[in-house]
Amino acid sequence: NAGVTQTPKFQVLKTGQSMTLQCAQDMNHEYMSWYRQDPGMGLRLIHYSVGAGITDQGEVPNGYNVSRSTTEDFPLRLLSAAPSQTSVYFCASSPGREDRDTYGYTFGSGTRLTVV
Amino acid sequence: GNSVTQMEGPVTLSEEAFLTINCTYTATGYPSLFWYVQYPGEGLQLLLKATKADDKGSNKGFEATYRKETTSFHLEKGSVQVSDSAVYFCALGPPGGYNKLIFGAGTRLAVHP
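Protein chains in written order, with this note's numbering: chain P, 1 to 116; chain R, 1001 to 1113.
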């Protein structure tokens, strides 16, 4: 099925470890973004991209890196995991950033990350 | 700044009851407003939207009206089903700020037979 695919679904890391959360979409969407979901706080934007080779910071970018070498893929890297990064991470895409209001965002099913 | 406030959950209802989930917002200019729904183990799905004042968004029996005078976008459904059990997020899209959505904290709805 077409959509946004995130891997892994669950991950446990030790403090200081690094890892990459994968996100891929097969809808040829230009716009992609990463959010984290924490209890009582809704979703907060980490990083976003408006096209291949173009990325920018969102509301809570510290401790995370992204790159966008292809239209399809938008991986999120945790450089040195900290317990404060324990969260559920969602990747989302849209045909173009201006399409937010017409089509909304398509979300992946999430990655639940625990840092111990 | 821009922000969204939702009623705290959980909201527990019996099947066929009337549902209201309150959402108010603070924004500069004229934002777009959205309701997203998250079913267990899944990502968020767009439920409905309204892009200007007095617009009514509707989908799957759910409705919400963009009220500029009260800065509200309350979600309603006349008769809920068990399958409506989920977490509902109100979200704001800043005008021109197409790079982001600002989400409320979410409201969990549990519907019992």
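In case anyone wonders, no lab produced these hints; they're calculated from the structure. Heads up, a few of these hints could be off.
Said to hold, decoys possible - DSS-like, lysine-lysine: derived pairs with alpha carbons at most 30 angstroms apart:
| hint | chain 1 | residue 1 | chain 2 | residue 2 |
| --- | --- | --- | --- | --- |
| 1 | R | K1077 | R | K1100 |
| 2 | R | K1056 | R | K1068 |
| 3 | R | K1077 | R | K1056 |
| 4 | R | K1060 | R | K1077 |
| 5 | R | K1100 | P | K9 |
| 6 | R | K1068 | P | K9 |
Claimed, not checked - Coverage of chain R stretches by chain P, computed from C-beta distances (three or more under 8 angstroms per stretch; other residues unrestricted):
| hint | stretch |
| --- | --- |
| 7 | 1029 to 1041 |
| 8 | 1046 to 1060 |
| 9 | 1104 to 1111 |
Ideal Cβ positions, reconstructed from N, Cα and C, are used throughout, including at glycine.
Consistency of the hints with the structure:
With a C-alpha separation of about 27 angstroms, the suggested pair K1077 (chain R) and K1100 (chain R) falls inside the 30 angstroms cut-off, and the hint holds. A C-alpha spacing of about 12 angstroms is found between K1056 (chain R) and K1068 (chain R), which places the hinted pair at or below 30 angstroms, so the restraint holds. The hinted pair formed by K1077 (chain R) and K1056 (chain R) meets the criterion: a straight-line CA distance of about 13 angstroms does not exceed 30 angstroms. A hinted pair counts as satisfied when its Cα atoms are at most 30 angstroms apart, and K1060 (chain R) with K1077 (chain R) qualifies at roughly 9 angstroms.
Restraint check: the Cα-Cα separation between K1100 (chain R) and K9 (chain P) comes to about 24 angstroms, which is no more than 30 angstroms; the hinted pair holds. Of the supplied pair hints, the one linking K1068 (chain R) and K9 (chain P) is violated, its CA atoms being roughly 39 angstroms apart against a limit of 30 angstroms. Remark: the stretch 1029 to 1041 of chain R is confirmed as covered by chain P, as 4 of its residues place a Cβ nearer than 8 angstroms to a Cβ of that chain, reaching the required three. Given as covered by chain P, the stretch 1046 to 1060 of chain R passes the check, having 3 residues with a CB less than 8 angstroms from a CB of that chain where 3 are the minimum.
A stretch counts as covered by a chain when three or more of its residues have a beta carbon under 8 angstroms from one of that chain; for the stretch 1104 to 1111 of chain R and chain P the count is 3, and the coverage holds.
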